[in-house]
Amino acid sequence: MSRPTFADYVRIEQVRLLQGDEAGDNNLGINGQNFDAALHSRARLLVREHDWERLLTSPQQWYQRSLLAAGLLFAVLGVVAVINALSSSGSNHLLNIYWLLLVLLGFNSLSILLWVFGCLANIGGLISGTLGSIPLSLQRIMARWRNNAERPALQAWYDSLFSGSMGVWRLSTVSHALWLVYLGSGLLALLVMFSVRQYDFVWGSTLLSADFFIALTNGLAQALQLFGLSIPDAQTIVASRSGDGVVSDSIARRQWALFLLGAIVLYGLLPRLLCAGLAYMLLRQQERNFRPDYYLPYYVDLRHQLVPEFSESEVVDPDAHPSPVQESAGRPLAPAPAIAPGALLIGYELDAVAAALVTINILNSADLSRAQQYSQQATGPVALVVEGRNLPDRGVKRELASLLANPGGSYLLLHQPIAGNTAEAKTSEQRLRDWYRLAAQLKVPAEQVGLLSTEQLAKLGT
Amino acid sequence: MNTSHAAPIQVAVVGHTNTGKTSLVRTLLRSKSFGAVNDSAGTTRHVERASLLADGKHVLSLYDTPGLEDSLGLLAALSSNERKLSVTRLQSFIDEAGKHPGFDQEIKVLRQAGQSDLLLYVVDVRARRLEKFSAELDILASLGKPIIPVFNFIVGQTDQLRQWRDMTVSHNLHAALEFDTVAFDFEAEKRLYQKMQSVLESRYDDLQRLIDHRSSEWQALCEAAVQRSQTLLIDAAILQVDVVDGGREAALSSLRGKARQLEQRGLHDLLKLFAFSRQDIELAQLPVSDGQWELDLFSVNTLRMFGLDARSSALKGAAAGAGLDLMVGGISLGAAAAAGALLGAGVSTFRRYGKRITSALSSQDSICLDDTSMSLLLLRQLDLLRRLTHRGHAAQGQMELSTMDDKQQHPLPEQWPSILAGLRTGLANRSASNSQFQSAKAELFAVLTKTSFSTS
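As given, the protein sequences belong to chains B and X, one line each in that order. Just so you know, the first sequence maps onto residues 4 to 465 in this note's numbering. Just so you know, the second sequence maps onto residues 623 to 1078 in this note's numbering.
A few of these clues could be false.
In silico SDA-like cross-links for lysine to any residue, where the CA-CA straight-line distance does not exceed 20 Å [stated by the list, open to error]:
#1 X:Lys706 x B:Pro300
#2 X:Lys654 x B:Pro300
#3 X:Lys679 x B:Gln459
#4 X:Lys894 x B:Asn29
#5 X:Lys679 x B:Ser368
#6 X:Lys894 x B:Asp304
#7 B:Lys400 x X:Gly695
#8 X:Lys679 x B:Ala341
#9 X:Lys894 x B:His307
#10 X:Lys654 x B:Phe313
#11 X:Lys721 x B:Asp304
#12 X:Lys894 x B:Pro300
#13 B:Lys462 x B:Arg440
#14 X:Lys654 x B:His307
#15 B:Lys462 x B:Ala341
#16 X:Lys894 x B:Gln22
#17 B:Lys400 x X:Asp661
#18 X:Lys894 x B:Lys462
Derived from the structure by calculation, the hints contain no laboratory data. Model, not experiment: these values are computed from the prediction.
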């Protein structure tokens, strides 16, 4: 499956907000995919399941319709700007050259300059300009009249498309495109007019002298001349001043017309096109690199579910003889039972201190065989002393059993050192229960099992 | 070097009873749901498998086995009639399982170990080195499979650890590993796979894939956690409540309520990230109950606990429970924003700052969290992150934890005041784009990462 597109990611984000940021349980059978693909599949399934299609696409449709409307508006504005520069005097059609240049090129250049400056100085407000506040207001308006169920889809769509750099480059692209429409429709209108009507070119100014306009024209003309366009000379410019008598020279007319068209293309359309291209490229790059914030708990939760780190566990070799449910009632901590004097004290894996207080301490099989001999020869009771905190396992049980010639007359003493009474040395309730269970299995009566401090052990030993 | 195999690497986790075999598997899976863990003999009485996946593919299958309980008895049974311990002897013993009901569990272990590529022999280093452990190693070694001893419960057991190392070396096991299933450390997990690489040369590439995958997942997890903490701290730093008609008390309690709510939500999300439950936090001795911080963010005791002196005069307000500043001054429009406002992008800029400017003009107060509360919030987040990243999923009891009232242990990062000041430039607008706010955000991320995940 191919990588999800930007639109797919937007949809994934919309689904997230529609779900209220709660991933829920996802037993969708989406396996063996990477996380992106799995998310995409999941989003599609959910959209189908909840019939969200219309809900999710409506913001984009609204956006496209608004763009279309704005494009039409700007096209009309471009034509209006051109028409504003036209007037008639008698049978002559006049065109105000510098007025037209100002409305078509002047504001355009100013906004490009601001945009470039904004990019260089990284001022988001300047880059996106006043357009930046439009989606925000739009969103507010929409949020007000759309019902609550639809708001998350709108919110996610808006956040994905318009937040951060993505929003900056998107608005830049839109703004350049609208200016292009404006200039393009103006240019088209001029071409149509020039094709079917004969215009006389005039200009007028209350404050500025002819020298200023000569300098301006020459300045603009320099680049145009590179393309082989012939430019009105100073005389023609002076002669074109309105009120000074209209220049009806067809060469001058042609020169003026080409100058106008050339200036609009070279100083208006081309820079816009470049800016639009650049902004669009950056936008596409942002879109390509766009990923939802996978660090959000929602996505982390989903990752655990959709791309698990481990398989479900399964028992491959079951317990053939499940042990019966063990009684959980614990006995109270029993004190050391009274033991007849002369008992044989056999230690089992005792620590050094306690080991010194018993007849023999079993640490290995040699100790065990010796202890077994002692036990068999013992005339009095046998007391097994173990560390209470140690674990009574089957090995312990087998070895202790081999020491008890007469279980009924034997004792099981759980040594619990008082000195250095750390949590670790203490016999836990659980462990005590384990030992009682062992004693029961060894047939040592419960009243002959008990806890024993080191001092008590020392007393017994003497 | 070698090609990638299709079949997952089979690893049997073996060892004496109650040494933490199931815990090891849980910690590696980062799941609390695997098997049963109990401080008792014979908790696991079956062989259970779970596989580690990398990009959806099974790479490594872990087999949790019952504990070996009577190795000396088993050794005696195996070597009876003058027969020597060998693979064939073990095999015939396993085949005659019915004849040895007393060694039911041991046979399960041997059967699984014999079918595996590698054995992890888990050792509770707190135990004494007795003959029975040697017997276990002798029996396992006779299967002819590579064995890696894994030393568990190593915190504070330097001497014991050394002695266990000596013992395993005497059994010719040199590639041993320290891996505490309770006090988790990702580096140790990585070393485990590396040791496996060293003894399973033919699966080197598969294991490398696993290492790379696990590392990037862990990295992502830590980053997600840091990001969540960062979000919380930013949200708290820019939290602002208007004082309406002099109702300062009402504003105060509203602000506190909001701050607590932010912290609780953050806690909930972090626990979820690390797949821990509320119970874990209680066990980790964090002052949390029912998923809620037990110690109120605004109590004097909490301040003390984190080493913040509530008695100093500067913080008297905080100690009295005021804990707040007036935020009328300290609003910098910033040269760039001002230029933008002047140059015609004014609508959005004014919307951003206008409310604050008008409130300053009409002398309407807003309150926000003061520095002490913010510092406390930071320390609590750091503490939480540290604990979460170092807690194994096997942890049952209480961890060896540093006490929270040790001022030296968790000092405030020295960049904190400047970070906080930077964050405050974004008051009431968390997507503020001014450079001061952005750099404070980045610095906060760095501080959280460094302080929480530096290996102690």
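### Broken hints, by number
1, 3, 5, 8, 11, 13, 18
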